[in-house]
Amino acid sequence: MMREPHPHPDHLWRNPEPKRSYDVVIVGAGGHGLATAYYLAKNHGITNVAVLERGWLAGGNMARNTTVIRSNYLWDESAAIYEHSLKLWEHLSEELDYDILFSQRGVLALVHNQSGVREAHRRINANRLSGIDAEWLTPAEVKAFCPIVNISPDLRYPVMGGALQRRGGIAKHDYVAWAFARKADQMGVDLIQNCEVTGFELAGDRVVGVRTNRGSIAAGKVALCAAGHSTVLASMAGLDLPIQSHPLQALVSELLEPVLHCVVMSNAVHVYVSQAHKGELVMGSGMDPYNSYAQRGSPHVIEFQLAAACELFPIFSRAHVLRTWAGIVDISPDASPILGLTPIENLLVNCGWGTGGFKATPASGWVYAYTIARGEPHALNAPYTLERFSTGALIDEHGAAGVAH
Amino acid sequence: MLIPCPWCGEREDNEFTYGGPAQVAYPSDPEAADDASWARYVFFRANPKGKLAERWVHSAGCRRWFNVVRDTVTHQITPA
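So the sequence lines, in the order shown, correspond to chains A and B.
All you need for the numbering used here is the position in the first sequence, starting with 1, plus 928.
All you need for the numbering used here is the position in the second sequence, starting with 1, plus 1.
Honestly, the hints are just simulated from the structure, not real lab data.
A portion of the hints provided could be inaccurate.
[To be verified] Chain A residues, not near chain B, derived (Cβ > 12 Å throughout):
#1 A991
#2 W1003
#3 D1025
#4 V1045
#5 G1059
#6 L1065
#7 E1129
#8 R1139
#9 N1141
#10 E1182
#11 L1184
#12 E1185
#13 P1186
#14 H1248
#15 R1316
[Unchecked claim] Only some residues are given here: those of chain B computed to face chain A with a beta carbon under 10 Å:
#16 M2
#17 N15
#18 W39
#19 A40
#20 F45
#21 N48
#22 E55
#23 W57
#24 T75
From the three backbone atoms N, C-alpha and C, an ideal C-beta is built for every residue, glycine too.
When you get a sec, could you build the whole thing from the sequences and use the hints?
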């Protein structure tokens, strides 16, 4: 299960100077932006593309997430797009010619009360109807699958079972970004770091380019892909988005011997943990309730999360926290993304993935590239419009999101 | 983060519950409001990178609501 990391290629991408004009400018070189550029080139033959990045490539939430991959969402719309993503993950190393250390070690979601048991069964049944693998484990089966979980009935929140998606797992986030970046670059996409978008060139209600700290760049289409900074960008074009930016904290332990071979989540006591290929325990914490762009959160959120982790996994009690951090996540009202066209012609938006965007990286890029190339949404992102907040056709995934909103 | 409750003074943020951005006005003529204006009232909130007027309730203290202005980059708070 714990493979040695392969040496990654010597050359990943060029660092070109921005040209004066592109067919498509993608704003944000995170996972989703890079995947979008890759699929624009590969699926649609559009290679006169720039990906502009304010900082360094994949240095935002792509460097800060906990890399959990699964597709066991409740509603049909979510199941469809996340399962498409999982199927892409299953062949991504071969497709990108780069071992991204995708490991289908199973994602186990524990429940601790009767309503949790009922909700888990409802979701398992919904998943199976959507063709997504899902199974129920009794507490004894939880213990057999993950021996270090404490299933004692004396716990404050005893383990009453769990929902397991065996095809779920983790991947190495940096390699995912670098693999997409390398292939996009090879097909002619310009990846431009240290290039901050400071405004938009508008002609009436049509966007015709972006202003940056490295000059103006004309663009046939502008595709926003900036997660927690989406409202900051969109507001420069006069577009309001129903997004709130919050810190989401995570932490790692020092390197340990392999003790945890799967991903364990618990929404009720708020733990999600896996062991990275190098050996760190990687844990996600809760979302800080207040709006912030500070990339740090309150220490009591970490303390609360670790208390629950130590009760569930007594073996963790003497591990040391090596570091904690936060990413700025883009929270939408229904815990589902906004992905598609906007009222401004040739301006597209991809945001609102909130606390769980990493798993969607390939599918998000796939459907965003389609929408950019065709000027209309793919069937998989057609429900994820900005208009749904007026029509009321929300996709309420608060229950399946890993982090309480 | 220390939050200044106007009645109890500065306390740690885990004594408080967040109420989100402040100054959200209920539609003045609700019967006349169309879907788009209801959407704005229900779902759209200020999300600036910088100063934000916001609401907190001191739920583990005096349980009273108040507004502050907090910078979303530095977390520095100034009274509303």
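For this session: If any of the earlier hints don't hold here, list their numbers in rising order.
Result: 15
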